[in-house]
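Next come the chains, spelled out residue by residue.
There are 2 protein chains.
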Amino acid sequence: MLNELTRQINSMKTRVLSPEFFMKEALKEAIKAYEKDEIPVGAVIVAQNQVIARAHNLTETLNDVTAHAEMQAFTAAANTLNAKYLIDCTLYVTLEPCIMCAGASFWTQISNIVYGAYDQKRGYSTVRHSLIHPKTKVVSGILEKECRQILQTYFKAKR
Amino acid sequence: MLNELTRQINSMKTRVLSPEFFMKEALKEAIKAYEKDEIPVGAVIVAQNQVIARAHNLTETLNDVTAHAEMQAFTAAANTLNAKYLIDCTLYVTLEPCIMCAGASFWTQISNIVYGAYDQKRGYSTVRHSLIHPKTKVVSGILEKECRQILQTYFKAKR
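Line by line, the protein sequences give chains A and B. Under the numbering used here, the first sequence has 78 at position 88, and the numbering climbs by one with no breaks. Under the numbering used here, the second sequence has 68 at position 78, and the numbering climbs by one with no breaks.
Just chain A, same shape as in the assembly (with noise of 0.2 Å):
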């Protein structure tokens, strides 16, 4: 079943540098997580139409909870830029981030959120939307499909 969702999401045709184009670089971090046994997450975060940072959950293979696809972007897109916060900078995450994650995106002061799926269980949004930093605009739903069912698929097979 991944490997026709892979096929799937690698046969999609997208705009140069549209929200969808990174989404999909998003979806396939997500895979990688899949292939892995984790939860199938994946993030990017972008700066002037480049990539900067690829992440994707990785909370059982290090054991750590908290590494969480954006966490880790964060922290990458911050080293590769040299600089504390990610002004001008967008990430693409496949599902809405949770609580933590939002939080961090908070200190961050990133300029721009696109997520995929909506996760109305943890979702950062089922609290307070200004969990947000007010400076970081919001986008929901991009390749949302798509993002859904990489998640479906995992737990349909876990089950």
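Because the hints were derived from the structure by calculation, they are not lab data. Please note that a few of the clues may not be correct.
The list makes no distinction among identical chains, and a pair is therefore deemed to hold if it is satisfied within one copy or across any two copies.
Below, a list of computed lysine to any residue pairs in the SDA-like style, where the Cα atoms sit at most 25 Å apart [to be verified]:
{"hint": "1", "residue 1": "Lys74", "residue 2": "Glu25"}
{"hint": "2", "residue 1": "Lys3", "residue 2": "Lys74"}
{"hint": "3", "residue 1": "Lys125", "residue 2": "Gln(-2)"}
{"hint": "4", "residue 1": "Lys146", "residue 2": "Gln(-2)"}
{"hint": "5", "residue 1": "Lys127", "residue 2": "Arg(-3)"}
{"hint": "6", "residue 1": "Lys3", "residue 2": "Lys135"}
{"hint": "7", "residue 1": "Lys26", "residue 2": "Glu15"}
Fit chain B to the given chain A structure using the hints.
Structure of chain B alone, referenced to chain A:
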């Protein structure tokens, strides 16, 4: 002023294994942060009356706004225990956790959180107490004065 505060903290008498005893350990971590010109917040994680992780804020040193004392302590404690969840562990932290750290604590399912100073601006309880995992008990105000003082001293010196 740090010297005076350090002397004061080190000379505090605390009953062995009391909450104040462990908060003093967290304060020692906060002093280490202060000495590195970091916002002075310290944390320890305790299991079976033993300190299994110690950490202090390193956001400037690591150029990583997510490098809060608690985040590092969670990761270190999971490493020490080789366990995913921090069941029967207690986090002692000198400042009320922020939303990111509260969100992280949720994922760890840590049994107890004890904090010293209140953070009325960025503390998790400004949002909702239920950010914390329902299994986690929270105690606040342990060595509150000292925990607050080290922060006040730091910021006073900055101005």
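How the hints compare with the structure:
For a Cα distance limit of 25 Å, the shortest separation of Lys74 from Glu25 across copies, 20 Å, qualifies, whereas the shortest one inside one copy, 32 Å, does not. Taking identical chains as interchangeable, the C-alpha atoms of Lys3 and Lys74 are never at most 25 Å apart, the minima being 35 Å within one chain and 39 Å between chains. When the C-alpha separation of Lys125 and Gln(-2) is checked against a cutoff of 25 Å, the pair qualifies neither within a copy, at 35 Å, nor between copies, at 41 Å. For a Cα distance limit of 25 Å, the shortest separation of Lys146 from Gln(-2) inside one copy, 18 Å, qualifies, whereas the shortest one across copies, 58 Å, does not.
Taking the shortest Cα distances, Lys127 and Arg(-3) never come within 25 Å of each other, neither inside one copy (32 Å) nor across copies (47 Å). When the C-alpha separation of Lys3 and Lys135 is checked against a cutoff of 25 Å, the pair qualifies only within one copy, where the shortest distance is 15 Å, while the shortest distance between copies is 60 Å. Proximity of Lys26 to Glu15 under the C-alpha cut-off of 25 Å is restricted to the intra-copy arrangement: shortest distance 17 Å within a copy versus 38 Å between copies.
Figure legend: structure checked against the earlier numbered hints; hints not met, in rising order: 2, 3, 5.
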